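Chemist: Sequence:
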Amino acid sequence: MLIEAKNVSKTYGSGGSQVTALWEVTLTIKPGDFLSIMGPSGSGKSTLLHLLSGLDRPTAGRLLYDGQDIYGMSDRELSAFRRRRIGFIFQQFQLLPVLTAQENILMPLLLDGRKATGPKGGQKISSYLEQLTDLLGLSDRLTHLPHELSGGQQQRVAIARALIAEPDIIFADEPTGNLDSKNGKDVMRMLEEIHHRFGKTLVVITHDSRIAQRAKRQLVIEDGRLSEG
11 MLIEAKNVSK
21 TYGSGGSQVT
31 ALWEVTLTIK
41 PGDFLSIMGP
51 SGSGKSTLLH
61 LLSGLDRPTA
71 GRLLYDGQDI
81 YGMSDRELSA
91 FRRRRIGFIF
101 QQFQLLPVLT
111 AQENILMPLL
121 LDGRKATGPK
131 GGQKISSYLE
141 QLTDLLGLSD
151 RLTHLPHELS
161 GGQQQRVAIA
171 RALIAEPDII
181 FADEPTGNLD
191 SKNGKDVMRM
201 LEEIHHRFGK
211 TLVVITHDSR
221 IAQRAKRQLV
231 IEDGRLSEG
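Each residue of the sequence shown is one higher than the one before, counting from 11 in the working numbering.
It should be emphasised that the hints constitute simulated quantities derived from the structure, not laboratory data.
For clarity, every value in this text was computed on a predicted model and none was experimentally measured.
Accuracy of the hints is not assured; some may be wrong.
Cross-link-like lysine to any residue pairs, in silico, SDA-like; alpha carbons within 25 angstroms at most [as the list claims (entries may be wrong)]:
(1) K16 x A90
(2) K226 x N188
(3) K192 x P156
(4) K195 x R224
(5) K16 x T38
(6) K195 x L45
(7) K16 x D183
(8) K40 x Q223
All chains should be modelled from the sequences, with the hints used to inform the complete structure.
Modeler: If you want it as structure tokens, here you go:
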């Protein structure tokens with residue numbers, strides 16, 4: 011899936027309190043890309059990721075997915091598009107505390123009205139779930155609640171949840187930000203393995219140059235302006 015951001019800007023507030031978080035960002039993400047966007051806190055990197063993934067709408071500009079401007083969709087259409095085509099990994103995990111690891115992973119399918127079990131498609135989903143959880147080292151943790159998991163395990167559940175609907179692209183917002191050094195390295199290794207094994211386009215934002223340099227392509231954002239690293 012080809013993604014093209016064209017002169018995308020985002021402004022908050024109005025009048026004297028107006029702040030521009032992004033300035034006319036133009037970016038092309040090709041199918042199978044693995045790129046990082048690095049910048050300090052307040053540089054606009056999270057804002058950019060939210061706009062690229064359809065979680066927020068810009069003040070100006072267009073975002074094309076295979077030629078279709080997703081900002082032209084209604085909120086309902088855009089929500090369905092995100093569920094089916096885009097995976098998002100949050101820094102804060104965003105797991106539902108009353109659900110087991112497996113239930114959290116399968117939640118995107120249930121929200122989309124897709125059966126995670128049963129005769130139609132259930133076997134394929136079950137096989138894919140097993141493949142994902144084996145890769146992520148979660149096979150023996152699927153019945154555990156989030157509070158029974160370590161930070162690294164919770165992030166791996168979040169990664170599996172982002173992948174379960176087999177999206178075209180994965181956006182990761184500081185995926186190692188809440189982890190210690192060892193767990194951070196493990197999570198990045200797993201993301202790289204997912205990129206290679208499943209051919210997923212991967213976009214990671216980070217403030218850590220060591221993480222950024224693991225990507226095939228590095229971009230830098232500062233004061234809302236994007237440039238090649």
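Chemist: Are the hints correct? Go through all of them and say.
Modeler: Now for the hints, and whether the structure bears them out:
{"no.": "1", "hint": "K16 x A90", "in the structure": "23 angstroms, holds"}
{"no.": "2", "hint": "K226 x N188", "in the structure": "24 angstroms, holds"}
{"no.": "3", "hint": "K192 x P156", "in the structure": "20 angstroms, holds"}
{"no.": "4", "hint": "K195 x R224", "in the structure": "11 angstroms, holds"}
{"no.": "5", "hint": "K16 x T38", "in the structure": "9 angstroms, holds"}
{"no.": "6", "hint": "K195 x L45", "in the structure": "17 angstroms, holds"}
{"no.": "7", "hint": "K16 x D183", "in the structure": "21 angstroms, holds"}
{"no.": "8", "hint": "K40 x Q223", "in the structure": "19 angstroms, holds"}
Hint check: no violations occur; every hint is consistent with the structure.
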